[in-house]
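> One-letter residues, chain by chain:
2 protein chains.
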Amino acid sequence: MSHPLRLGIAGLGTVGVGVVKIIRQQTALLKARTGREIIITAVSARTKDCDRGVPLNSYAWEDNPVALATRDDVDIFVELMGGADGPAKIATEAAIAAGKHVITANKAMLAMHGHPLALAAEAKGVSLRYEAAVAGGIPVIKTLTEGLAGNEITRIMGVMNGSCNYILTRMEDSGLSYQEIFAEADGLGYLEADPQLDVGGIDAAHKLAILSSIAFGTKVDFDGIVIEGIERVSIEDINAAADMGYKIKLLGVTQMTGRGLEQRMQPCLVPASSPLGQLQGGTNMIVIEGDSIEQVVLRGPGAGMGPTASAVMGDVCDIARGFQLPVFGQPAKTLTSATPAKSTRPAPYYLRMGLVDKPGALAKIATVLGEAGISIDRMRQYGHADTSAPVLIVTHKISSAAIDIALEAMERTGVLASAPVALRIEEG
Amino acid sequence: MSHPLRLGIAGLGTVGVGVVKIIRQQTALLKARTGREIIITAVSARTKDCDRGVPLNSYAWEDNPVALATRDDVDIFVELMGGADGPAKIATEAAIAAGKHVITANKAMLAMHGHPLALAAEAKGVSLRYEAAVAGGIPVIKTLTEGLAGNEITRIMGVMNGSCNYILTRMEDSGLSYQEIFAEADGLGYLEADPQLDVGGIDAAHKLAILSSIAFGTKVDFDGIVIEGIERVSIEDINAAADMGYKIKLLGVTQMTGRGLEQRMQPCLVPASSPLGQLQGGTNMIVIEGDSIEQVVLRGPGAGMGPTASAVMGDVCDIARGFQLPVFGQPAKTLTSATPAKSTRPAPYYLRMGLVDKPGALAKIATVLGEAGISIDRMRQYGHADTSAPVLIVTHKISSAAIDIALEAMERTGVLASAPVALRIEEG
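First to last, the sequence lines map onto chains A and B.
Read in order, the letters of the first sequence correspond to residues 1328 to 1755 in the numbering used here.
Read in order, the letters of the second sequence correspond to residues 1328 to 1755 in the numbering used here.
Same shape as in the complex, but just chain A (with noise of 0.2 Å):
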């Protein structure tokens, strides 16, 4: 039997309190299955005396990350405080320096710093391992850089943060506005400290930068991503989505073009007895597409205690096993810089605006369409209490770059009384 393997542990919110509690109350089971015992030597948090719901006086207390990650007696530091630079980096770098494995459930530092981290780690010889980082329990990282190594990878499209998807299948259930539901999920906790992290896209981006450069053999590229939060998805849309078939997600998708990686992460339509359409809540799900497995999807909790935790305890696992690969699947030295591209694949689109209420205002919108190429499929006019006509279209398929020349050309006309909404219908 192998020495124990020692865990340090920073950041005890839910994630961290979860991995305490596998490792109590699964010890048996983890050390049957990895043949060494996993134990905790060591933790640090910001706040040391609060009730956690787990006992944690059997474990050193150290208030610094960084005198955490660099203890004798840790093998693996655990990083769950968050944030893209700050503390978790600074102890993630002290980590891998003193030669430490690291597991990280952090997105944020990773799709920011991924790739300078990767190599540090492995010029080190050590894991740096996040399958909490993307899609919580899903074992999404495990699938893509191991179940699926033989596959070219030829397209990941998914939903990939619940609180979006919680607030859009909440709206679509309760009627209630984008406004009414934010402030319900974020009383309820369901939103990070920086709710625009959530609601703007980013996290959900984060993830997306990570599963792109595993699936493409690139370094990570965050700010190669189209992004649209879901701020501007109105109650209006969503019903009107539903009475045409249609349920709107935050949807991420990547793929390599002749052109370029294509990465972008904005709501779209998605038929409502689609797979994707049928998503409820805080669950998650990631369609990978390779030239050989064709079509896997996976389905399942993404976010929440358990889940996460469980995610956590995969890679503990990994490592107790002495399992070790490249940090994105193939050594970072060899990926590649992506070339950012913006999707051509036509779609058809969903368009809803406010028009001043005069005559020709519609003539002069139908005009600038047909401009730009884009034919429409249907087009409803509301009737309206107020100076604004609602007004919705759904366009046949056209290219993303025709949308954009058509939104820039209704600014011009002077006909719209707000900005306009478009947005993607991806039929699968």
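Note that these hints are calculated values from the structure, not bench results.
If you're wondering where the values come from, they're calculated on a predicted model, not measured in any experiment.
Please note that the accuracy of each hint is not assured.
Put simply, identical chains are the same to the list, so a pair is met inside one copy or across any two.
Said to hold, decoys possible - Listed below are the simulated BS3-like cross-link pairs for lysine-lysine, each with C-alpha atoms no more than 25 Å apart in a straight line: (1) Lys1669 to Lys1546; (2) Lys1660 to Lys1358; (3) Lys1358 to Lys1546; (4) Lys1358 to Lys1451; (5) Lys1546 to Lys1660; (6) Lys1348 to Lys1685; (7) Lys1685 to Lys1660; (8) Lys1348 to Lys1375; (9) Lys1358 to Lys1348; (10) Lys1669 to Lys1691.
Please arrange chain B on chain A, whose structure you already have, making use of the hints.
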């Protein structure tokens, strides 16, 4: 750079040819991801001279798979011949004895001889891997043994035989009889050489036995599975189920209970709108539930050249990366003997029977059900041309034991024109 990893492939059917194709086409990708060159040194099959669509003449040929398995220039013996016993087992044992890693897609061999083979492989310190044996391209073995290693698994259920699902969904779409669609599937080559393995539920039960062993730390216990095939599912059952909002699926369920291990593979009714209900054609779906993860669902192609070869290559890459873990996730010598247990969790049941056309027949059946403590939720008697009156009954929740008692008692009433069909309704 390490020396090349050398494969010897026995069996050049669909899957074997798929593996050859990936190794030839993705040479650079595989090397980038695993750090090693992956090559084929020798192959073996029943007939040498036939065009398989890939060039094979650069590989040594062996008529005898045992000779292939024990060649000095083979590091991994890839067993793709099939069959629980015979050449596949003999060659696998020979490979292990010679200190070779083994990768197999052979669910029958693992379901019947998994435990002694695992003991032998672990004693010899070699890998025995079988991702392709369960659910085709879906990396379910990896998810269970590695990704969810921190979980106490509570239940697994799923659709794991694509041929049966093809037959059942084709029956519904076409309105044709089981016999007609069976003939169609057989003609298309969708069924095993012995189709009873598919439609009798045997193949799916082999897979379930393997998943149970990993999930619950028990020796593979194929004989402990309650198995029922789809041969007695009629188009009338499918239509009646559809009328009530259900689909019929060959569903596997395994869970550890206080009384022992409950394993069953039988046609069940599932809600038409549920993920399992929506599964079309050859697609497989596995639902895994654990104490921390809650629920993860994996969906993907259950068979076919690309997907199954993708699963084999996942195992190849793991071995190339030096990963090694016990065959069933914990050392074979620590696996316990399962005590088979029947299901006691009550469920509604769908019953179909033909009654002889005379007064009081239905009353006798109703009496038998009442005496077994079964209350009726819905009942329907159809008009009929011949002397047998078709009757459908949906019960309230009841144990399978009570259903068995009632079925036996029905036989003694003398009013049955044919043996009744009883299908469990799984609400999810």
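> Does each hint fit the structure? Answer for all of them.
Cross-check of the supplied hints:
| no. | hint | result |
| --- | --- | --- |
| 1 | Lys1669 to Lys1546 | within (18 Å within a copy, 53 Å between copies) |
| 2 | Lys1660 to Lys1358 | between (35 Å within a copy, 14 Å between copies) |
| 3 | Lys1358 to Lys1546 | between (36 Å within a copy, 18 Å between copies) |
| 4 | Lys1358 to Lys1451 | between (27 Å within a copy, 21 Å between copies) |
| 5 | Lys1546 to Lys1660 | within (9 Å within a copy, 44 Å between copies) |
| 6 | Lys1348 to Lys1685 | neither (64 Å within a copy, 65 Å between copies) |
| 7 | Lys1685 to Lys1660 | neither (61 Å within a copy, 82 Å between copies) |
| 8 | Lys1348 to Lys1375 | within (18 Å within a copy, 57 Å between copies) |
| 9 | Lys1358 to Lys1348 | within (15 Å within a copy, 39 Å between copies) |
| 10 | Lys1669 to Lys1691 | neither (28 Å within a copy, 71 Å between copies) |
Consistency note: the structure conflicts with the earlier hints numbered 6, 7, 10.
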